[in-house]
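Line order of the protein sequences matches chains V and W.
Here the first sequence is numbered in the working numbering, starting from 1 and rising by one per residue.
Here the second sequence is numbered in the working numbering, starting from 1 and rising by one per residue.
By construction, these hints were calculated from the structure, which means they are not laboratory data.
Treat the hints with care, since some could be wrong.
Said to hold, decoys possible - If the Cβ cut is set under 7 angstroms, some of the chain V residues that face chain W in the computed set are: (1) Ile118; (2) Thr318; (3) Gly321; (4) Phe324; (5) Glu332; (6) Arg338; (7) Tyr340; (8) Val461.
To be verified - Pair ranges (Cβ atoms, derived): (9) Arg184(V) with Glu130(W): 31 to 37 angstroms; (10) Ala9(V) with Glu130(W): 23 to 29 angstroms; (11) Glu130(W) with Gly337(V): 40 to 46 angstroms; (12) Gly139(W) with Glu97(V): 19 to 25 angstroms; (13) Arg282(V) with Ser424(W): 56 to 62 angstroms; (14) Gly55(V) with Thr300(W): 56 to 62 angstroms; (15) Gly40(W) with Lys132(V): 34 to 40 angstroms.
To be verified - Using 25 angstroms as the maximum straight-line C-alpha spacing, the simulated SDA-like pairs for lysine to any residue come out as follows: (16) Lys132(W) with Gly392(V); (17) Lys132(V) with Gly139(W); (18) Lys132(W) with Ile134(V); (19) Lys132(W) with Val463(V); (20) Lys132(W) with Phe75(W).
Computed from a prediction, not measured in an experiment: that's the story for all the values here.
Using N, Cα and C, we set each Cβ at its ideal position, and we do this for glycine too.
There are 2 protein chains.
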Amino acid sequence: MASAAEAIADIDDGASVGIAGFGLSHRYPSTLISALAEKGTRGLTVYCNGLGQPGFPTGHVLAENHQIAHLVTCFSARPGVVSEAEKQIDAGEMTLEMVPQGTLVERMRAGGAGLAAIYTPTGFGSEIAEGKDIRYFDGRPYVLERAITTDFALIRAQRADHFGNVVFRGGSQNFNVSFAKAARVTIVEAEEIVETGAIAPEDVDLPGVFVTRVVPITVRMDIRNLPKRVNRPPSSAKEYLGKPALTREQIGRRAAALLPDNSVVNLGAGLPVQVANWVRDRPVVLHAENGLLNYGGFATDEELDPDLHDAGGMFVTTRDGTSFFDSVTSFEIARGGRLYAVILGTYQVGANGDLANWSAPGMIGGGIGGAMDLAAGAQHVFTTLEHCDSRGRPKLVERCEFPLTMPNCVDAIITDLALLRRPSRGGRDPGRFTLEEIAAGFTVDEVLSLTGMTVDVADEVRVMQEAWL
Amino acid sequence: MASAAEAIADIDDGASVGIAGFGLSHRYPSTLISALAEKGTRGLTVYCNGLGQPGFPTGHVLAENHQIAHLVTCFSARPGVVSEAEKQIDAGEMTLEMVPQGTLVERMRAGGAGLAAIYTPTGFGSEIAEGKDIRYFDGRPYVLERAITTDFALIRAQRADHFGNVVFRGGSQNFNVSFAKAARVTIVEAEEIVETGAIAPEDVDLPGVFVTRVVPITVRMDIRNLPKRVNRPPSSAKEYLGKPALTREQIGRRAAALLPDNSVVNLGAGLPVQVANWVRDRPVVLHAENGLLNYGGFATDEELDPDLHDAGGMFVTTRDGTSFFDSVTSFEIARGGRLYAVILGTYQVGANGDLANWSAPGMIGGGIGGAMDLAAGAQHVFTTLEHCDSRGRPKLVERCEFPLTMPNCVDAIITDLALLRRPSRGGRDPGRFTLEEIAAGFTVDEVLSLTGMTVDVADEVRVMQEAWL
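Just chain V, with the same shape it has in the complex (with noise of 0.2 angstroms):
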């Protein structure tokens, strides 16, 4: 097919699209965006991780151009932006459904492979179960998702042969592959378009009986207009009682002392990232959901790589080892109990475990990514965050206030000013947590007050900068 405007020609008024891609990278299907923010067809269903970054040829395009009606999407808002779809979401033009990563992928293929439905555990005990069908195998709750399929997909791959075998590159594959299988039609953009015999067998991605047409890009976006995602400078350190606590890289430093060798865990976006410097010469195994496994540390400048980042946006290198898979590959992963840790910034941490960290008062919808099904999946949770917020008010509390993750899930808390622990889940209810250690120059006392809730005091509690000498 000679052009995107040919390519997404038949997508009228009112069909429902998924656009693949994912979060902040620049990897979106942009050629075919931007026909379709030409062709301005209006009244679309769009499913998508996120709309992307705004300001760049991604699916904030539709929104701005007034295009979408439905918007599917585990990140409808980030903290600190408010963007065009926020607003007609607010004002009631746009209506909104969140789902998480996990979910949203594995519904995807789901709808096909031809299933109807899944009982999966992600989103128990949260609003994304309301309304929803729960039912108790083995003693443990899952939640009924029905299958999705969409008249139309959005993909962007590295190559394409005339059969519409698909090649991604590096971690590249995210949301492409499920999106392709749920579609009835898939519109490919490649950057190469080879002879059907070109691809060998075994590199193909995507098999051709899943595409229906194939377009050459001639809409990038240009990485270096990008903000830099680039892996941040020690931070100084915040005060609480006139005092420094930890930087946000002791948090991480501390947390990463948590992590045996060969254990396998996926890091957050957000402060959990400060994990990554410390086990980078570690046989710590890093996992990231848009599918890759066992990768390497932070990209210099000189070593970037467009198509290979981790699920937060940072550029990455592989070391040997490395994996590349697709979203759902990642989730299978996650929720599987294949990871010994997941470590997730967040909003609030409940007494009895509970997580809140994808939506706060005022925000419309939030950023579930991939944390419901982490949270859900892994072996421990552990969470990184400053003890109080912008405003000094505790963010360990009693109860959480904020919309929830996952109940009863935490088994680790990494502050500023302290670890506490308690027994990871299994079954029974682990309890209270426990003030293991505290931040050097801070008194129990200290800590204590600064901590909305209650917490078992450790015989001995230990100094925090000295558990990593």
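Here the structure of chain V is known, so what remains is to put chain W in place on it, guided by the hints.
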């Protein structure tokens, strides 16, 4: 790990073990199976597509050793062979659960993915669905199938590194990937064990997080000792009323002429394989359940590649546009509606389109294979068969007496005497079959006298042999 004996040392009595491998191929984890036979573990629950070729180091060795207490499989019996497993099942020494191929890999994959259950269309209306929850979604019936997890999986691969990353070769992924995901301990035997880093990230078919142990292959099935599975020479025609009907080759030729260019088609084992000879030079895309799409014709002795075979065990070639994947993806294609047609052999077809092709009176279980998944998902279900059985009884019957594969699904019947069709499924009951063509030399009344179902007769009944001229 040094040896297979060490790798399987903790498979204790009563363990559940998934044994990957496909059909009558020679690619089974024979090294690990042999070690397990040597160890003599008893009371095993074994999950497999089938036990493999009797008389070779396949699952049959474990049956012959009386090590299996419960067998969960897609193939428990084949016509003309009575295996040791069948004898033990018949004697009540071993229990049996029959599972459709697509359902088995999907249940395994669901177990590995941390899901509890799925709703699949496969098996509805057959005895496979008996006692299971049935639920209608959008007016269509689905069967609730529980996820499976196992204690162990035995996997055969081409290459593995010390991190556990695995590469399969050709069309040999089949059940390996899903079985590895479902197991608590996955043991891989590989032809080559390489340093971590020697496998490129994009070449990894099964990420190391799913793999627990890797051992070298020391026991192989020699392909030369297997019963030769090559394309049969044209057979002589069967006679009815003293007159020759179509040969098997001609049945295949007639069926092939029903397939439009660029259609994606799955050919069942046995008679449907004949169709392949007539489409190899046409743009018809062949699909095989073990994980090949758009493969070429049958391999000659010179072309024979041990890792390239179709689901019936026939050795095939690749061609421009071929792709390889695992059986999970293969059944996504089937159930997801991507096949224009599946062509299946059958024991009986009912007047209402019922298909009975997996079990017959006197069989211990039967051979479901992928038929239920394929029939549930394909846009068209064609069946090729001899018009009457070896004792002269019509195979086209008013109502099937044999266990159903799927009710009301067949839309074309191609026999050695006739072509009968009816509108394809689409919500409404398509009604009776119409006799459209008959074999040269026969009259309509003669064909009807050999037909056990009520049919309509076309105004103009044509001659089958003229259809491909």
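Do the hints match the structure? See the list:
1. Ile118: Constraint on Ile118(V) satisfied, holds at 5 angstroms.
2. Thr318: 6 angstroms, holds
3. Gly321: OK, holds: Gly321(V) within 7 angstroms of chain W, min 4 angstroms.
4. Phe324: 5 angstroms, holds
5. Glu332: 4 angstroms, holds
6. Arg338: At about 5 angstroms, which falls below the 7 angstroms cut-off, the nearest Cβ of chain W leaves the hint on Arg338(V) intact, so it holds.
7. Tyr340: The hint is violated - Tyr340(V) has no Cβ within 7 angstroms of chain W, the shortest such distance being about 10 angstroms.
8. Val461: 36 angstroms, violated
9. Arg184(V) with Glu130(W): 31 to 37 angstroms: Given a distance of about 33 angstroms, which is inside 31 to 37 angstroms, the answer is holds.
10. Ala9(V) with Glu130(W): 23 to 29 angstroms: 48 angstroms, violated
11. Glu130(W) with Gly337(V): 40 to 46 angstroms: 32 angstroms, violated
12. Gly139(W) with Glu97(V): 19 to 25 angstroms: Once the Cβ atoms are compared, 23 angstroms apart, the range 19 to 25 angstroms for Glu97(V) and Gly139(W) holds.
13. Arg282(V) with Ser424(W): 56 to 62 angstroms: 59 angstroms, holds
14. Gly55(V) with Thr300(W): 56 to 62 angstroms: 59 angstroms, holds
15. Gly40(W) with Lys132(V): 34 to 40 angstroms: 48 angstroms Cβ-Cβ, so the 34 to 40 angstroms window is violated.
16. Lys132(W) with Gly392(V): 55 angstroms, violated
17. Lys132(V) with Gly139(W): Given pair Lys132(V), Gly139(W) holds - Cα atoms ~19 angstroms apart, limit 25 angstroms.
18. Lys132(W) with Ile134(V): 18 angstroms, holds
19. Lys132(W) with Val463(V): Violated, at about 57 angstroms.
20. Lys132(W) with Phe75(W): Since the Cα atoms of Lys132(W) and Phe75(W) sit roughly 21 angstroms apart, the hinted pair holds (cutoff 25 angstroms).
Going through the hint list in order, the structure does not satisfy hints 7, 8, 10, 11, 15, 16 and 19.
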